[in-house]
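Since the structure of chain A is provided, determine the placement of chain B on it from the hints.
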Amino acid sequence: MKKFIITFLLILFCSAILTFSLRGNVGNPTREQIGMSQWKDEGPFELSPERGRFALIYSIVEDKSLFFDTPIARFATPDLGYKNGKYVSLFAPGVSILLIPGYIIGKYLGAAQVGVFAIVSLFAILNVLFIRSIAIKLGANNIAATIASMIFLFATPAFPYAVTLYQHHISTFLILLCIFVLLKWKNLAALSIVWFLIAASVSIDYPNAILMIPIAVFASIRMFFVNKKDNFIKINFRLIGIVTFITIIFPLIFFLWFNNASYGNPFQLSGTIKSIKGIDEKGNPLSIEALKKQQGPLFEEQDINRKKTATGFFKSRNLINGFYTHFVSPDRGIVFYTPVILIGFIGMVIMYKKQKIMLVLIAIVFVNILLYSMWGDPWGGWAFGSRYLIPSYAILSIFIAFMITNFRKKLIILMGFYILLVYSISVNTLGAITSNKNPPKNEILALESISHVQEKYTYERNYDYLNSNRSKSFIFQTFVYKYLSAKSYYLIIVSVLVLTCGLLITYLHVKSKKENP
Amino acid sequence: MIKFNLKTLSIELNINSKIFEKILALFNKHALIIISTILSFVSIYFFYYYLNNRLGLAYNDARSHLDIGRRVVEGLKPGLAQLGSVWLPLPHLLMVPTIWNDFMWHSGLSGALESMIAFVITGVLIYSFLQKIGVGMFGRILGVLVFVLNLNVLYLQSIAMTEFLLIATMTAGVYELVIWSKDNKILSLIKSSFWIMLSSLVRYDGWFLFAFAAFLISLIIFKKHGYKTTEGMIILFCTLGGFGIFLWLFWNQLIFKDALYFAFGPFSARAQQIQMEQAGVLMTKGNILLSLKVYLYALIYNSNAFIALLGLFGAIVLWFDKNLKLEIRIASIALIAPLLFNILALYIGHSVLFIQGISGNTWFNVRYGIMMMPSIAIFVGFLVHKLKQLRWVIVGLFVFVTFFSFANKDAVTIDDAQVGSSQKNVTEVSSWLNKNTKDKKGFILISAASHDAIIFSSGLPMKRFIHEGTGLYWESATTSPDRWARWIVMRTYDNNDITYKAVSKTPGFKYYKLVDHYPFADIYELKEEFIGNLNTEPVSGKVKFYSPI
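For the record, the sequence lines run as chains A and B. According to the numbering used here, numbering within the first sequence proceeds without interruption in unit steps and concludes at 517. According to the numbering used here, numbering within the second sequence proceeds without interruption in unit steps and concludes at 549.
Treat the hints with caution; some may be incorrect.
EDC-like cross-link-like pairs, simulated, lysine to aspartate or glutamate; straight-line CA separation at most 20 Å [to be verified]: (1) B:Lys257 <-> B:Glu277; (2) A:Lys234 <-> B:Asp516; (3) B:Lys18 <-> A:Asp230; (4) A:Lys229 <-> B:Glu12; (5) A:Lys234 <-> B:Glu21; (6) B:Lys3 <-> A:Asp230; (7) A:Lys228 <-> B:Glu21; (8) A:Lys86 <-> A:Asp280.
Listed next, with one range per pair, are the computed distances between beta-carbon atoms [said to hold, decoys possible]: (9) A:Leu503 <-> B:Lys325: 51 to 57 Å; (10) A:Leu239 <-> B:Ile44: 40 to 46 Å; (11) A:Lys186 <-> B:Leu292: 20 to 26 Å; (12) B:Gly134 <-> A:Lys410: 35 to 41 Å; (13) A:Gly312 <-> B:Tyr45: 23 to 29 Å; (14) A:Val226 <-> B:Thr229: 52 to 58 Å; (15) B:Ile44 <-> A:Trp185: 50 to 56 Å; (16) B:Gly357 <-> A:Asn187: 51 to 57 Å; (17) B:Leu292 <-> A:Gln454: 30 to 36 Å; (18) A:Trp185 <-> B:Tyr45: 44 to 50 Å; (19) A:Lys356 <-> B:Asn14: 52 to 58 Å; (20) B:Val317 <-> A:Ile240: 40 to 46 Å; (21) A:Gln268 <-> B:Asn361: 43 to 49 Å; (22) B:Ile2 <-> A:Asn187: 21 to 27 Å.
These aren't lab readings, by the way, just hints derived from the structure by calculation. For clarity, every value in this text was computed on a predicted model and none was experimentally measured. From the three backbone atoms N, C-alpha and C, an ideal C-beta is built for every residue, glycine too.
Here chain B stands alone, though its shape is the one from the complex:
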């Protein structure tokens, strides 16, 4: 009720405090729905925003992921075998129901959709996590806001990359782990192992989480129940949690006849890193301090230094809070698994990360720093819950720095996509392909491992391309290109481009004329007089599985 007091020249507002209590209770009851709804709108808005300003497909890897998903459903040899090796299969499998649609493919929505859903799920998980450890409404909402009001988060959730699917599955795994540590219910442990199993099918970070979680579980149980019970629980956890890893090893053995093909094969990250080491750019390998520095910079640039610092204090407060059961505190250490994994991966040379100013003048894979964002959000929410007197100061400062990050559009992941080594502007070559091959018959011979971005950006259907995963087509085209490929796209004189490596030695290559040199690749076209001998239609035949990624 609003009243105007003439005597004191003031406006009086009388509010029944029960209304606040009712609103709070209502929000509490429907919090997850309300948060999911709001985050869904945010997610859709930012997908649309980044699609419109052409950043939705800026990452080279995003285009590759979409192409892999597409190859499962469309191409010269569609099928599950196109999932390939090296990159884990779950993100591509999840695209299969939608990527057959050209719009879903070329807009990136097929891949972005799983990132967007993962974003909403992660926001809800942060809220629930904080609720489970006793944090009040204020801290829970702030935790979600810390996660959501981050341009790097908003960008990465809008694109077809794997970070968000990994974040959601890992966060879900850790969430269930903490619930298990709190309530001691076996079902929570099973759920945790399920989510961790899923994360192990997204990225190798999930494998580390699996091992780390198993270690934490054994610590928790051993302390209370001794060896026998620990053994039993670990077997239970690992059976489901490790199933994804088993499946992947089995897949590699089945398809590539080598269970470790993903780790040591010619297209593996290790192969790439060996090349980089030889080029002298793998500086973090064997250097723990540099690995720590580089990853911490990535983390800080993704999350904002002030918020990262608050997260650090929050983590310390949480782990030393005697009001929380020791088991919960031990389980919550799993929240820093991404930090440990990435530093370790840099140190042993299995990962590459360039920070401008530290690793030269470019960015590469700086988005890996986003992995700690949910953990930081949880830590900040907890900190604000514990420091009740300072909460409004913390909120004010958070709003302050966030304002500037939005005002200046400060998103390091976008910089990497636009000017870093994660981007590839293949517009010239892909435009040429689209313009000059669309209305003509004939296949394009190209290495998907090297030029997936060109395949994607050309806008042509996958079945126009002969690549490593097309079995006999590839074998035939790389021995007799003049019989199969009307056009060849490759980097001339670069033996890392397996098309060039194979085709340059064939007698048929002399029947091609160079159309032009373009950034990233050259285009060759079969001379007119030899087109008559060309196969221009797909043929059925025995499939050989040889997918690049």
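Excised from the complex, chain A in its bound form:
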């Protein structure tokens, strides 16, 4: 009963915070309205990853088509594909498909876009629950696990991406679910579920195929049993394990069908389709010259002409820049956006010898970091913090649970940890209720030549946004703005989070003092 109450309270708490932070506008935008600034740059669809995925939802639900008509195509630019004379999505379809129910329910309630974003928040809450569960299963203290799960959602860039339309929480959910299944069950049915989830994850985001490799390897090993007796090594391979692979058929069929229906080739990946950065008045793709004129200093010709291959997006030479970007750069670095998550590495060092599954967790973190450090755009375009590392934040949060568990009696360490936590929560809440639209530092000069003002590229940009009494929170824009300033709204949310975490840490510490030494 106690467990159920705690879980329920955790869900309630997270739901409340996410509700107050969820971005959106009232209304069901039509295809003509969707391109207006209140929905785009000034609204919830501020960046193209959100627009591209929403465009596909809209087309499927409203037009019953995988192809975009001209207004929707225009809305989706610059992340728009063009194939066989039709405008298509450049994103893997899984996110859009999963969020269709949110669109339908939201539309019924008069807020289609909010309904879509709410489903992402739902996945974020599920991630919190899984992080907590996994940490407890692996031996962490319950309260420490709860704190750690909240750190993931509110003290990392997972927060700003839990209130908008990106793939990260769904990808993270699939990874955590696989780990949970492998921990909880050791039978072949568990393997079937894992293969299914791995195959499905590719439809959510293609690089998930790589992120899931450690899980796939670990699951495969489950099909083998090794015994040593006398001078013999007995290796037993369960043939029936092969049958478990049958579950990949369903997501695979969907994936191939979608590619075929959209691009005319079941094996064509969306990232390798010709991308269109703009559409002219007649509804045709803009020529390179017209684009140059339109974008000025921001135009990058090599992006258009570059031949795309699946592996070509990831270059080992990018690693040094990637490491710098993800860890210490002022525009995206973990050190600036979520320094508390670095504690997870300490937890990793404490725990790596304990159980085999720890190696899987460690491998996922490093595969994530390496993959997106090799990625040509480690900044994630215009973004808040290092969004590509959200799956790593989830895993590192599990390790934080162990770190807190180990040091729960050491007040000085807990205090230092709390300071980092307060800072991290403050920064990410700022992002969540304002905007994710922060340019990478290397685009600033081009930007300044257009705007003729100094452009900021850190969370200072969000702070300025807040100080101009703006917030993209649906609740704030619809109801609260009449009573509170954006800044006050922000301070209330931060205070609640900081106080709650503080109370939990205090309770953990006090309780630990009463334990047997």
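This is chain B only, laid out in the frame that chain A set:
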């Protein structure tokens, strides 16, 4: 034995564990032969691969090295004097037995052969090094793989450059040094000094290693045995270890009448760097942070950032591992000698290195970053040995990043060779020479210091060229070109081209017509009416030694 179990629907494999032990023991016994054989096949394959796609001779310096070797055996004034100054002689000396053969010369194999052998030796040394410091089979094999599965390593070992010969001799020197620190056998110290002496005849990095190793040796001995013994051992070490340096100073004194001609002469690196400093491109001089940054980038681009990071952790683990004797740990510090040398050389302005994005938009000498690769491989092997629980994770991640580097053909040394400042596409001028002079009599006057790449790429025999190292021929041709040179190849109006500098002032130059301007050089041809006065055959005479490099 394989069994199919109907009850559990499984395949059972029963293996006698003694078989594994036997295989392991067999491998252990013959490890060096097995590794050498495998690496030899790898080496040959990649030489052939890069030769076929025309990258084997992309480096301008590779062509120069081959030409120097060739000039010792063939030309208007062949002889050891053609070894010249500035570039140390061992790589060219080692080419002498094979470079007389035109194929060995023009394919680059004469020079590549020593790189390939050095590559195999280095792989074996990495394995042996790790074995000597107690690393298990897993760590040893991984160390070798880290070294071998690197496109920059595979490329540089296939070409006629000096990096690999230097790497092999330095690694051998450090290996013997570590053995000496472990076993205290004087023979190992002598061997170490021998290999370091050889490295000092390959590149000046070896000179730094000599000094650094001497310092480490004195640290090790002084701690245990005091001053007197330290003095004796250092003298022993330096006598052989420093012999190469002594020989080189002696050579310069003998041939160029100046022991420091290699350092301060007109073709020295210093002379080049002064010009670069005046042009404002020697940014690392006097700037320690920039020197550190530039070299670290070169190191990282050559080895891969993740592997470099693993190497760093491995180094820290090794140096703080109390299970290893302190003497071994001190001796192993010599593994970072290339890092220290290169940063120092950049800082004092004796070296130039351009990293695209930091030093403008080009690459130059970025291959210097490969020097730390054996050390990194050793450190990674040691790390994996110590972190047994994480070994498969590390291996998996290593395979992961290596896959992408191979899939994208990410080799910064190839970029430098193809688009950086280390390349010179002299195809037009060399093709013209080949086509228009091959079947005609007459010499070509050209500065080897400036245009060795043209000499090489023309495919013509060395004896067709009058250059700085041809003694009287050069003196005569640069005073009366119309009597000696049917063609002149030079950069017009560029006083850095000593052919132009000399010939433009001579009265005979007006008898030449400009054939055309080409990238890197112009070609002049003696007018028809003056060909009758030309010497077209070699003549014997007094040799004056004046080799450019």
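Okay, the hints, checked on the actual structure:
no., hint, result
1, B:Lys257 <-> B:Glu277, "28 Å, violated"
2, A:Lys234 <-> B:Asp516, "77 Å, violated"
3, B:Lys18 <-> A:Asp230, "10 Å, holds"
4, A:Lys229 <-> B:Glu12, "14 Å, holds"
5, A:Lys234 <-> B:Glu21, "16 Å, holds"
6, B:Lys3 <-> A:Asp230, "19 Å, holds"
7, A:Lys228 <-> B:Glu21, "14 Å, holds"
8, A:Lys86 <-> A:Asp280, "15 Å, holds"
9, A:Leu503 <-> B:Lys325: 51 to 57 Å, "53 Å, holds"
10, A:Leu239 <-> B:Ile44: 40 to 46 Å, "43 Å, holds"
11, A:Lys186 <-> B:Leu292: 20 to 26 Å, "51 Å, violated"
12, B:Gly134 <-> A:Lys410: 35 to 41 Å, "36 Å, holds"
13, A:Gly312 <-> B:Tyr45: 23 to 29 Å, "25 Å, holds"
14, A:Val226 <-> B:Thr229: 52 to 58 Å, "54 Å, holds"
15, B:Ile44 <-> A:Trp185: 50 to 56 Å, "52 Å, holds"
16, B:Gly357 <-> A:Asn187: 51 to 57 Å, "53 Å, holds"
17, B:Leu292 <-> A:Gln454: 30 to 36 Å, "31 Å, holds"
18, A:Trp185 <-> B:Tyr45: 44 to 50 Å, "47 Å, holds"
19, A:Lys356 <-> B:Asn14: 52 to 58 Å, "24 Å, violated"
20, B:Val317 <-> A:Ile240: 40 to 46 Å, "43 Å, holds"
21, A:Gln268 <-> B:Asn361: 43 to 49 Å, "35 Å, violated"
22, B:Ile2 <-> A:Asn187: 21 to 27 Å, "25 Å, holds"
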